[in-house]
Structures are given as C-alpha cells and as structure tokens.
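**Q** Chains as they are written, first to last, in the working numbering: chain A, 1 to 140; chain L, 1001 to 1404.
Simulated from the structure, these hints should not be mistaken for lab results.
Hints should not be assumed to be uniformly reliable.
[Said to hold, decoys possible] Residues from chain A that face chain L, not an exhaustive set, calculated with beta carbons under 7 Å:
hint	residue
1	GLN52
2	ALA74
3	ILE75
[As the list claims (entries may be wrong)] Computed Cβ-Cβ distance ranges for the label pairs, DEER-style:
hint	chain 1	residue 1	chain 2	residue 2	range
4	L	ARG1008	A	PHE17	32 to 38 Å
5	A	LYS94	L	ILE1151	57 to 63 Å
6	A	PHE17	L	LYS1021	14 to 20 Å
7	A	THR43	L	GLN1211	54 to 60 Å
8	L	SER1404	A	ASN100	30 to 36 Å
9	A	PHE17	L	ASP1209	55 to 61 Å
10	A	ASN100	L	LYS1243	58 to 64 Å
Where is the CB? At the ideal position from N, CA and C, for every residue including glycine.
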Amino acid sequence: MAIQDIQNEIIDEFSMFEDWEERYQYMIDLGKTLPLIETKYKTDDNLIKGCQSKVWVHAEMKDNAVIFTADSDAIITKGIIAILIRTFSNQHPKDILDANTDFIDEIGLKEHLSPTRANGLVSMIKQLKMYAIAYQTQLS
Amino acid sequence: MFNVEHIRKDFPILNRQVNGKPLVYLDNAATSQTPKQVIDVIVDYYSNYNANIHRGVHRLSQEATDAYEQARIKIQKHFNAKFSHEIIFTAGTTHSINLVANGFSSLLKKGDEIIVSALEHHSNIVPWQMLCERTGATLKVIPMNLEGELIMSEYDKLLSKNTKLVFVNHISNALGTINPIEYIIEKAHAVGAAVLVDGAQSCPHIKPDVQALDVDFYVTSAHKMCGPTGQGMLYGKEEWLKKLPPYQGGGEMIAEVTFEKTTYADLPHKFEAGTPNICGGIAFGAAIDYINAIGFDAIAKYEHELLDYATEKLSEIEGLKIYGTSKHKTSVISFNLDGIHPYDVGTILDKLGIAVRTGHHCAQPVMDFYKIPGTVRASFAFYNTKEEIDTLVNGVKKAKMMLS
Chain A
1 MAIQDIQNEI
11 IDEFSMFEDW
21 EERYQYMIDL
31 GKTLPLIETK
41 YKTDDNLIKG
51 CQSKVWVHAE
61 MKDNAVIFTA
71 DSDAIITKGI
81 IAILIRTFSN
91 QHPKDILDAN
101 TDFIDEIGLK
111 EHLSPTRANG
121 LVSMIKQLKM
131 YAIAYQTQLS
Chain L
1001 MFNVEHIRKD
1011 FPILNRQVNG
1021 KPLVYLDNAA
1031 TSQTPKQVID
1041 VIVDYYSNYN
1051 ANIHRGVHRL
1061 SQEATDAYEQ
1071 ARIKIQKHFN
1081 AKFSHEIIFT
1091 AGTTHSINLV
1101 ANGFSSLLKK
1111 GDEIIVSALE
1121 HHSNIVPWQM
1131 LCERTGATLK
1141 VIPMNLEGEL
1151 IMSEYDKLLS
1161 KNTKLVFVNH
1171 ISNALGTINP
1181 IEYIIEKAHA
1191 VGAAVLVDGA
1201 QSCPHIKPDV
1211 QALDVDFYVT
1221 SAHKMCGPTG
1231 QGMLYGKEEW
1241 LKKLPPYQGG
1251 GEMIAEVTFE
1261 KTTYADLPHK
1271 FEAGTPNICG
1281 GIAFGAAIDY
1291 INAIGFDAIA
1301 KYEHELLDYA
1311 TEKLSEIEGL
1321 KIYGTSKHKT
1331 SVISFNLDGI
1341 HPYDVGTILD
1351 KLGIAVRTGH
1361 HCAQPVMDFY
1371 KIPGTVRASF
1381 AFYNTKEEID
1391 TLVNGVKKAK
1401 MMLS
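Looking at chain L on its own, in the form it has when it is part of the complex (with noise of 0.2 Å):
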C-alpha cells in the first residue's frame, strides 16, 4: 500500500529547513533525493569492505566485487536485458552517450546521416555534433509541436537508407513529453539504422524492458532515481558493444598488454577502463531495489495525481502559462507567468524554501521553439504531498504579487 508519509521517513534530507521553512524539493528532474535504503549502503561499504575490485585476491576486494558485480545483475534484470554484459557501468548518461558517440566514430562517414530530436538535452545535442564534425556524417531534426510533442510524420520523412542513427530521449526534461520511442525505434530498424535513447528522465518513472522495445542502446544515471551523482549506466545490446571499439584506455579494460599489442578484455571490462566508482555501482544497485520495493505502477498512479493536482491549481493563477501540455507526460510542469522572468518567480520560490529549476534546463532549442529566455520547472517525485504543490502555488501567486 502506497504511503506518501511512511515514504517520506526515508529521507532525511526532506526534514530540513530553508530560510527558515520547511523545504519543498520540487526539483527532482534534475536529481532526486537520496533515501536511508541507499545511504546506509554507502555508508556500509566506506566502513566495512572499501577495496579495489576485479583481480583481488584478498577478503575485501572479493567482497566488494561481488556486491559492484551483484548491483550489475541487479540492473539488467531491471531492465530485462538479455546478458548482464550488456550493462556497461559509466559515470552517468552523458558519459554513456559520449561513450557509443566516440565509438561511432570509427563507422559513420560522409553522406551518412544521424536524427536527434528537438526535444533534446544539450548532452543529446552537442556528442552527435561532435561525432559529425569529426565523420562528415549530416544531423537531421525531428520537429515539435506546440504540445511539446514529437511531429512522427516528419520524423517519417527523415528517415532513409542514409540513417544511421537515431537519438531521442525516453522523456523531455525540459517539458515532460514522453517520445513514441517504440514508433520511432520500429522505423528506425526498417531502414537499418540503430537506435540510442536517454532515459534520464524516464527512469524514475518507467521501468523500461530492452528487450521488449528492442532499442539498441539505452542509458541513464543513477542520480536521478534515488541514486548517487557520478554513476549511470549504459545498455547495449551485445552486437553493437561488440562491434564499438573501446572508449577509453586504461587498467580494468585490457586483456594481455604488450608494447607490440593489447588485447581488449571482453565486455562489460572492455568499456570500463581504469577503477570505477564501485560505491556508485553497489549504491546504484540498492536505489534499484528501493524503487522496485515501492513499486513503478504504485509511483506512476500517485505521480499522476500529482500531476493533475499541480496542473489544475496552476492554471488557476491568471497569466500563468505551462509549455509542455501533451497528454503524454510525466511529473513535470515547465510554466512562466506573463510578463515575469523566470529567474525572478525561482529567486522569490528559494526565498519561501521551495526549490524548483529556473533557465533554459539544458534545452535551449525548446526555449527557442517557443521564444522565451527559459521556464519555472516543478518536478514531483513520488515522495512529494498536495500540501506541498499547496505551497508552490501560493509561493507562485505570492511573487507574482511581488514582482509585477
């Protein structure tokens, strides 16, 4: 049974204070909270079996990399990938999208063309342009709509035996929409193109099967779904890691090193040079847990309500305006008010305690779409109450009050 209250009790950090009020973390797109669950296992493994993994033969070295190894299994049984090889553990999604850009250095050229959505996150931007400036391979755009949604239609037109790629996250951090990536990856596969997808955003909200969507690469990072900064993962399915060369050079990713030749070590070593964040991994692996304990469905429903909640309360204040109104969406309201800054309406919200994301979120494209410098983001998780989206609302109309 879904209990916001019991849930809340896992995180310390909502029992703190901001100027002097109780903190409202609206901003949790940009990274969730951190419950007990997963501080304890950080705690654990910094005071009982801190070492460095793989090749060890000592007692501590074993047992940490069994528990980094354990948190690998944990995650592709998660994701139902198909071998726990598959899952590449990074420092995050751009690290993941920078790892399989790189790698696709070495297989596009001139003429070649890679699609990206508008809908993207500069990470989801900038690698492919690199990886374009670096193979003469052109970058193609799926156009929005008003919605905030994905024009399929024009991503139809897009498509052709000169795809290679395709790129689009799950869900836009920017607006919520979450993409037909299920569309979008079945046409990709008709031309022979292959198909990465940020899941970032969708992570804390969707449990994602692999397999079932048959996507070829897929990543996300830890932080955004109770876990700690600094780890992500990348999935790939075993074909495309295969044929990927590696990314970096280092310890962890070798096989035999001679100054003739190196030998790569077999996947997942071969993309995880160098000693990795093992906590991260291991911390990684508990958040998964915890999540999978309150349960994807329950959060979803509760999530949604929330949702509905804050959107009707909302659009209550006269000027207010929500970019992003697709009926596809997750927890998150993107919104100005008439006339005020965004910068201005988030300086006033930290002054009452209530976090929120004011800017362009890493999305300038989107803010250029609809010709505003940037957007007030609220983002729930589902450890957020209606009192609190209470407070964001009169937080809201009170600098409004002040402001024009």
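One chain only, chain A, in its complex shape (with noise of 0.2 Å):
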C-alpha cells in the first residue's frame, strides 16, 4: 500500500476515538505490538539519544523496499514509533523521502513531534530519510 494510502487509514483509525484517553491506550497497545528491534540491532550505532527516551532503529533493504525495526524503552515513544515504522517501512526509498508526516497533526499527536520534546522521535524521522537516501543512493 501507497505511504498516502496508509496514512490515510491511520487518519479513519484515529477519527474513530472520542477523547484523548482512547487515542493514547490504542497508541499504547500500539507500543505494546511493535515487532521488537532484534537484539544484535539494539546497539549504540542504531540509538537515538532522545534524552528522556531511548529509540533504536534498523534499516535493511528486501525487493527494493526499506525494511525498518525500531524499539524504544518509553511505551508512548514506542506506540508512535509503530505508527510512523507502519507508514514508512517496506516502501521504496524514493517514496520515503517524498512522503512527510502531516498526518500525525491530523490524528492529535503534533506534540510528540515537537523538536522540545526530547523524546528522539524527530531524528528518528531524519534517521528513516537518511536511510531512504543511502538506499536510493545504492540502487541509482
């Protein structure tokens, strides 16, 4: 599915919750089904230093798509995290680095995103672009 297209569906998800309370214990349950980051990759060269929460991240590439695996030892950290790794993962390199993360305003969640909140999320989306560059890079 297109990255659009995902987003998209996230955006119904997230419509369909009444309060605050609902959207973080999905976000929650979200955090809690994340495939784990295996650990060989959960190393200090994969870590973002997000200074209150820890986030891993590791790329590979599969059939001309990115594959990303990420962890983080903050739940809420974590449950964004599977929002943006379902977005961006298993997609060309090329459409990682033209696709942008407007949606996450729409569902409510702008203030995880805010570089201030030192949570590692917003190098976490430099670090997926800058695989998608290296990848592009190799397959160009």
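Two chains, two separate frames, one set of hints: put the complex together.
**A** Rendered as structure tokens:
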C-alpha cells in the first residue's frame, strides 16, 4: 500500500476515538505490538539519544523496499514509532523521501513530534530519511 | 496566619487550564510561579522608570538606580551578608558558579583538589571539570547512600591540605535532600579550603544566614523563589571577591580606561560588566519581600505537611518507588512506577493538566547511582494544596492503569 493510503487509513482509525484517553490507549497498545528490533541491532550505533526516551532504529533493504524495525524504552514513544514504521517501512526509498508526517497533526499527536519534546522522534524521522537516501543512492 | 486560598489569589497563572483541566503546577523545583506583587513591579518598571542605571544624571536613571541598589540591600539583609557590595547580581545560579570557577582559574595549580558532591546538578559539575582541565587540579566526589544522603565519613577522608575548594548544593534538586552544609563548611575551613554552596533549591524553602554559616560563596536564582528568570545573585565574602579577578570586561566594571591600562571598579561593579538585568534585579527584591511577608517558618511548616501527605498517599500506590528518602528533605518527591518509563507517566499527567518534571533532572550521576533512566519529580510550593496532591495521586493511578 502506498504511504499516503496508509496514512489516510491511520487518520480514519484515529477518527473513531472520542477523546485523548482512547487515542493514547490505542497508541500504548500499538507500542506493545510493535515488532521489536532484534537484540543484535539494539546497539549504540542504532541508538538515537532523545534525552528522555531512547529510540533504536535498524534498517535493511529487501526487494527494493526498506524494512525498518525499531524500539524505545518509553511505551508512548514506542506507540508513535509503531505508527511511523507502519507508514514508512516496506516502501521504496524514493517514496520514503517524498513522504511527510503531516498526518501526525491530524491524529492529534503533533506535540510528540515537537523538537523540544526530547523523546528522540524528530531525530528518528531524520534517521529514516537518511537511510532512504543511502539506499536510494545504492539503487541508482 | 497562613491561608493557602488567600495566597493562591496572588498567582494569576494558577487560574489557567491545561488540556481542559485546571492547572496543577508541581514543577516548582524547576521554576516557581510569579505573584502579581512581583508582576506589578515589572510592569511598573517598564511603564514608569525604565532607564539605564548608574552614571545617568537624569531623573529616570536616578529612580532606576535607586530601585536597583535598594534591591541589592534587600538581598543583603535577607541573606544577612555583612556588606551590600558582597551581593553580586548575576543572570542566575549557573552564571554565579561560572563566575567563581573562572575566578579560581588563576588561583589553582596542578596537585590542588576540588571536592563536589554526588548529588550535584550538572551546572555544579561541568564548570569545575572545566576548571580542572584548565588548571590541572583534580575533582573528587563525596559519595551518597541509598537514602540520597551524602556520606560525611567519606567526605572527611577526601579532605586534605590539597583541598582548595568544596562545592555542594544546599538541597539536591533531583531528590530534595538537605545537605549538612554547616558540617561541610566547618571541615573544609579546617583544611583551609573555600566553600561554595549552591542555594538554587534551598532559597524558596530556607532563609540562609551567610554569616552564621560562615560560607565563602552562596549562589541562587530569583526564578526559584517567585522572581523572574535571567536573574540571580552571588554572595561572596569581601576578601574572596577582592581576590578573584573580574569575570567579563565591559562597561560598568571599570574605574578608568586607557589603551595602556584599565583599572577595575570597586565591588560589586567589578563583576557586573555591561547593562545588567535592571528590572530583574528590582523584581528579585520584590520577590524576597513577598516571600518574607508570608514568612519562612510558616512556609516550611506548610510545605512539610504537603510533603508528608504526598509521601503517604503516593506510597500507597503499589509498585511506586520513591527515590531520596532522607529525613532531611524539602517538598520534592522523585519517584517511578515499576516497569514504566518516567516519560510515559509525565505524558499522561500532562494530559490531565498536571505539570511535573520527568527525566534525569540535570543530575545524571544521581540517576546512574540508582541505575534508572530518570524519575518523575513532583515538587511542591507553598501555594499548592492537598487537593492538588489528590489530583496528582489519582493521575499517577490512571497513568499506571493505562501504561501497565
């Protein structure tokens, strides 16, 4: 599925929730289901220091698509990672580079992507894009 | 008579809502809120007598200078300094510490030792590490125990004739522990070392008497005690302030300037280069007036009640662990829920309108000691209520339910 379609799907899912509690509970549950990064990839090299919560990201290329796995020590951060991974993983590097994260505003989680939040998510998105650039270079 | 409902009316910000809920502000150790008596002074300054101080012959400059120097005298009296020129206005605690650390660069040599405590804020570690790098002196650390108290028998062992400086906070920002600074000062002086006490956390709760303490340097920030940010002070004994070289060059701090040589101004101006935060200094004085009008004894008694109440109620939550359990502590509770990241707890509490701090509180060595990434820290001021603590406790219970 294209990134835009996945993002629309997520917006639809979140529109069913009536208040912040339902949204957060959903995100926390998503955090629990996120495929954990393999322990061997939970290295300092893959660590994004977010000051408050730690984020690990691993990327690999399979059939011209980038597969991301990730983890965090904070579950709300992990829930948002789950949403981001769902949109960006298993996509062509060029599509990852063209995509944006505006949908996060629409599902009421904008505050978590604030650069002052110090949860590692802004750096994580940058990191996803960096991987996409690297793999794109390999392909061309 | 201490009346919290009456006091709360002084703080306009306490009326606001956050995420649709009444604000419960429990991040007082990071910054305190500002009463209208102080806000009025700031508005009055900019509305009526904003001018550059000292040297000005015109009326506004005279009024601003008088108010600024009156504030210095208020601060002198509050801390019981011997002279008003022992009070140096700074931008805050960190600035004050850096001023002293920088001054000691020329007084230390290789082989000299500096002692800090394991409970320090980064601002009281990094400047001394930099000082050690510049001078070749070495940094020693007073260890702490599980209750979050400094171990005095270990401190005794660290002291020697090589000890030149001891730096310790009066109260730990991460845990709220009140350190035995009287003992620390006495022992340091016995080996001829100077002592700097970081009072950023103590000044909202305690009225330190710098002469009785016989402390060499005492530093604090106005914004921790109902004053504005960007304003603080350094108290230094006259003999020390005379000995230390100026920190920054510029206007205000000179007596005479030629291209061959500059002579420096007398204390306190020697350390106050450039146009200061005039309004900040005046508002700092107003904040001290405000707190003194309520009275430190009444504040201490009330805050202790809040601390006991919060400790009791939070301890009832299964899986909640409090870090820093010294009998000597102020109204700060640092805690974690078993298996739950403090960042997650803080996020849920924010959605409920409750402001707490999460993270390492700029005291990573303390967190490393407990082997935790950080804590949730609720810190109470005299304008908080037991009802707000109930809201916090219910919020923590809700966070626990959602996150586990």
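**Q** If a hint holds in the structure, say so; if it does not, say that too.
**A** Structure-based check of each hint:
no., hint, in the structure
1, GLN52, "holds (5 Å)"
2, ALA74, "holds (4 Å)"
3, ILE75, "holds (5 Å)"
4, L:ARG1008 to A:PHE17: 32 to 38 Å, "holds (35 Å)"
5, A:LYS94 to L:ILE1151: 57 to 63 Å, "holds (60 Å)"
6, A:PHE17 to L:LYS1021: 14 to 20 Å, "holds (18 Å)"
7, A:THR43 to L:GLN1211: 54 to 60 Å, "holds (56 Å)"
8, L:SER1404 to A:ASN100: 30 to 36 Å, "holds (34 Å)"
9, A:PHE17 to L:ASP1209: 55 to 61 Å, "holds (57 Å)"
10, A:ASN100 to L:LYS1243: 58 to 64 Å, "holds (59 Å)"
In this structure, none of the earlier numbered hints is contradicted; all agree with it.
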